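Chemist: Line by line, the protein sequences are chains A and B.
Position in the first sequence (from 1) plus 15 gives the number in the numbering used here.
Position in the second sequence (from 1) plus 629 gives the number in the numbering used here.
Treat the hints with caution; some may be incorrect.
Unchecked claim - DEER-style ranges, computed between Cβ atoms:
| no. | chain 1 | residue 1 | chain 2 | residue 2 | range |
| --- | --- | --- | --- | --- | --- |
| 1 | B | 668 | A | 128 | 54 to 64 Å |
| 2 | A | 481 | B | 692 | 46 to 56 Å |
| 3 | B | 666 | A | 489 | 53 to 63 Å |
| 4 | B | 687 | A | 63 | 35 to 45 Å |
| 5 | A | 154 | B | 733 | 56 to 66 Å |
Claimed, not checked - Looking from chain A toward chain B, a few residues come up when the C-beta cut is under 8 Å (computed):
| no. | residue |
| --- | --- |
| 6 | 86 |
| 7 | 109 |
| 8 | 162 |
| 9 | 275 |
| 10 | 281 |
| 11 | 283 |
| 12 | 285 |
| 13 | 310 |
| 14 | 329 |
| 15 | 395 |
| 16 | 400 |
| 17 | 429 |
Read the hints as simulated data drawn from the structure, not as lab findings.
Given the structure is predicted, the values throughout are model-derived calculations rather than measurements.
Every residue, glycine too, gets a C-beta built ideally from N, C-alpha and C.
Below are the chains, spelled out letter by letter.
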Amino acid sequence: MRKTLALAVATIMLLAAIPFAGSTADELDPYVIEFWTLTNGVSAERALVEQAINEIIQPKFNATINITQIPWGDWWTQVSLLNAGEKVDLLFTADWWQYMEGIANNYFLPLNDLIAEFAPEVPGKLGDAFIEGTQVRGVNYGIPTNKEMAVNGGFLYNKTLADKYDLVPDPSWTSYRDWIPFLEIIAENEPDVIPVLADGNWYHLNWVSYIPGDLGWIDMENNDPELRFAWETEYYIEELRAARELYERGFIPADAITADHDYNNRYLQMGDFFLTTQPLKPGKGKATELMSQMITEGIEYDELETFPLIGTTNHSGGSMYAIASTSDDPARAMMFLNEMHTNPDIVNLLVWGIEGLTYEVVQEEPVKLVKAIEGNGWTPAMNGWMIGDFFSIYLADHEPLDKYDLLRATKEVPSHVANGYRFDTADWLDTVTAINNALEEYQIPLRVGAVDVDEGLAAIVAAAEAAGFREFFAAVQADYAAWLEETK
Amino acid sequence: MIPMRLWFRRREPNQFSPLSNTILNGLFFLYAAACIIPILIIFSISISSEESIMRFGYSLIPRELSFQSYDMLFKDGTTIATAYGVTLFTTLIGMAMCVVTVCLYAYPLSRPTFKFRKFFMFFLFFTMLFGGGLVASFVVNTNLLSFRDNIWAMILPMGFNAFWVIVMRTFYRTQIPESLIESAKIDGAGEWYTLLRIVLPLSLPGIATVALFSTIGIWNDFFLNLLYIRDTELYNLQRLIQQTLNSITMLREMAFKIGAAGGSIDLRSLPNESFRMAMCIVTIGPIVLAYPFFQKYFIRGLTIGAIKE
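Whole structure, please, built from the sequences with the hints as guidance.
Modeler: As structure tokens, this is what we get:
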């Protein structure tokens, strides 16, 4: 295995050394780019999409593409084949999808030189926050998707029901507790509706941990350099008490504790709930998106944002494409990556597929609007937010026309002082796993309010400490302080 | 009610008492129900409309009939229809191959007159104890044998099995008397004639066992497919199901982090419940028929034979 790797590295170095003087298609040997993308399923239309992409890229740099759609559940088995020298050129990665582990395993190539040579426009398009936010010790191992720089969270509520009882939430609301008067009305008058849909995830607190790598329990407030254990911060405990009250009064149903993906989707698609927390998008984007996926028609959702936008590592590294270390021709891979960021046709082929087969055009002017064709396998499988230049994807006909302007505006939001900071968990993997397992047992019951707050907190903190939390936390604090010193 | 007098009547030596008979029958009835009811529920979900599942939950009798899931399942060109073809092909060919190789390898090993018996036995047995490991076999299979995205990657590794050779050898040893082979020889039969006309027909129960187990083994295998196949047109049924369920679990765990990163997954992109259940029903289809089919060989094998010792 080591030999294969060494051989692969040698090949790469050899290839990288060959100058691409005036690299036109004729002078390059034909090359097949192995493109691994993370999909929600596999599609029968793949070969046709590949063919359409090849028609564009073959004249440009004499390469063809071989798309491999890897479903979520298969990803890690497939990626581990890189250890056996499996040839891949481009693959998806993200901070929440083991970016650091991939770097530690030598799965990705450093891209700085390749970007400068073959994708010079891309850093300008992305902006500094994205480029610096995805660097590890100054090296880019992935090119992030050009999308919103910061993500908001908050409450999503059933506007149809709110209108029925003339309920207008106050924009300053940030806690479950603020909603109690409304929930009382809903619980009294709408027996078929569950007042609060909860599955143990909270999106309405300033919830984004700024340090990637399964460390969701290390917490900071805006631009506060101090790190804290989320389960010991006051606002978190206060919200746990609010959840407990909601649960005890029956607003959060008792089955929330066993809620799974299907459970949540069922309510979101049927609309028979009043309040839930969701990651939000500018311009009520999340509500629009969910409404388009509903089975019940005629129910409207609305959003209430609960905290200001701020750019963090988790956002800048939220979706990236990396060049695999087993690539035979990283230069060609980078050329394709460049196309993904600069050529709208490529992006739309990857996201929407083929006109007439997987999508149809609803209107051309003034803004091109398209619609997925019912029953096609391509569009539901592919995730637009993973692919290159998000802003050049055609809008779907149910989306607001100013969607991209609103998203682009998030690039102007301030970056958190910790943007770009990543704790390298390589030496601490067992500890992190142990802490996560310890928290796992208590966090969902606590967040849905199913257990007493004081008892639950005592148990969760004790379990985390037994798993080695304090030592780990001290190490993160020291590392973070050193990083601040170095970069700021 | 059982009449009182039956409780005290003298019974035949092998007859159960009515009480234990009732209890045993009752237990087996419950056991059978525990096996069948989940399948019935799965079937019922698969023919319910998605909306009624969401609205009313599961029920043994579907509230709103809908065959939409099966329609989607067998629509031309969908991955499931192709996966079905792949599974059927690999199972049939792989099973045939396994039966032939196992029978042919085991037969000489069972004959005391075979000179290199010990060597071939060791050669076989060694592989059962020591393997090259996953990475080594993966590298050999992909780089040397070009198994990558090749349908034979699912057939060849299943086409032989050391353990069944030992089972089959024991079967020949114990079930085919040496005297029978000797008498065939005296009557002028050659080696091939003895094997094909005397030994194999008497070994049907053994062959059926190997065939049944290899059929089930190949039918249920997704690991080879996972390892060597990335072309979706070569996915087999188990891989498709495993992949779908795995993805749903994975997405559940990742939902929070995906949201945190600004991503979102289309709620409709994953197969809905009735579709998933229809997938299960379709997969168990032919394989439940395999056992009754092979069963007749087991029974016939016990009753026929030239020599009763």
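Chemist: Does the nearest C-beta of chain B fall within a distance shorter than 8 Å of the C-beta of residue 329 (chain A)?
Modeler: 6 Å, holds
Chemist: With 35 to 45 Å as the target window, see if residue 687 (chain B) and residue 63 (chain A) comply at their CB atoms.
Modeler: Between residue 687 (chain B) and residue 63 (chain A), where Cβ atoms are some 38 Å apart, the hint holds.
Chemist: Is the interface hint for residue 395 (chain A) satisfied, with its Cβ closer than 8 Å to some Cβ of chain B?
Modeler: 4 Å, holds
Chemist: For the hint 46 to 56 Å, verify it against the beta carbon of residue 481 (chain A) and that of residue 692 (chain B).
Modeler: 49 Å, holds
Chemist: Please verify that hint: residue 310 (chain A), Cβ, nearest Cβ of chain B, below 8 Å or not.
Modeler: Holds: closest Cβ of chain B sits about 6 Å from residue 310 (chain A), inside 8 Å.
Chemist: If you take the shortest Cβ to Cβ gap from residue 400 (chain A) to chain B, is it below 8 Å?
Modeler: Holds - the Cβ of residue 400 (chain A) comes within 8 Å of chain B, reaching about 5 Å at its closest.
Chemist: 56 to 66 Å was suggested as the range; check whether the CB atoms of residue 154 (chain A) and residue 733 (chain B) agree with it.
Modeler: 58 Å, holds
Chemist: Tell me if residue 162 (chain A) is really an interface residue toward chain B, meaning its C-beta lies closer than 8 Å to one of theirs.
Modeler: 6 Å, holds
Chemist: Does the closest beta carbon of chain B sit nearer than 8 Å to the beta carbon of residue 86 (chain A)?
Modeler: 5 Å, holds
Chemist: Using Cβ atoms only, decide whether residue 109 (chain A) comes closer than 8 Å to chain B, and label the hint accordingly.
Modeler: At 6 Å from the nearest chain B Cβ, residue 109 (chain A) passes the 8 Å test, so the hint holds.
Chemist: Using the nearest Cβ pair, does residue 281 (chain A) come within less than 8 Å of chain B?
Modeler: 5 Å, holds
Chemist: Please verify that hint: residue 429 (chain A), Cβ, nearest Cβ of chain B, below 8 Å or not.
Modeler: Given a least distance of 17 Å, the restraint on residue 429 (chain A) is violated.
In summary, the structure is inconsistent with hint 17 from the numbered list given earlier, while agreeing with all the others.
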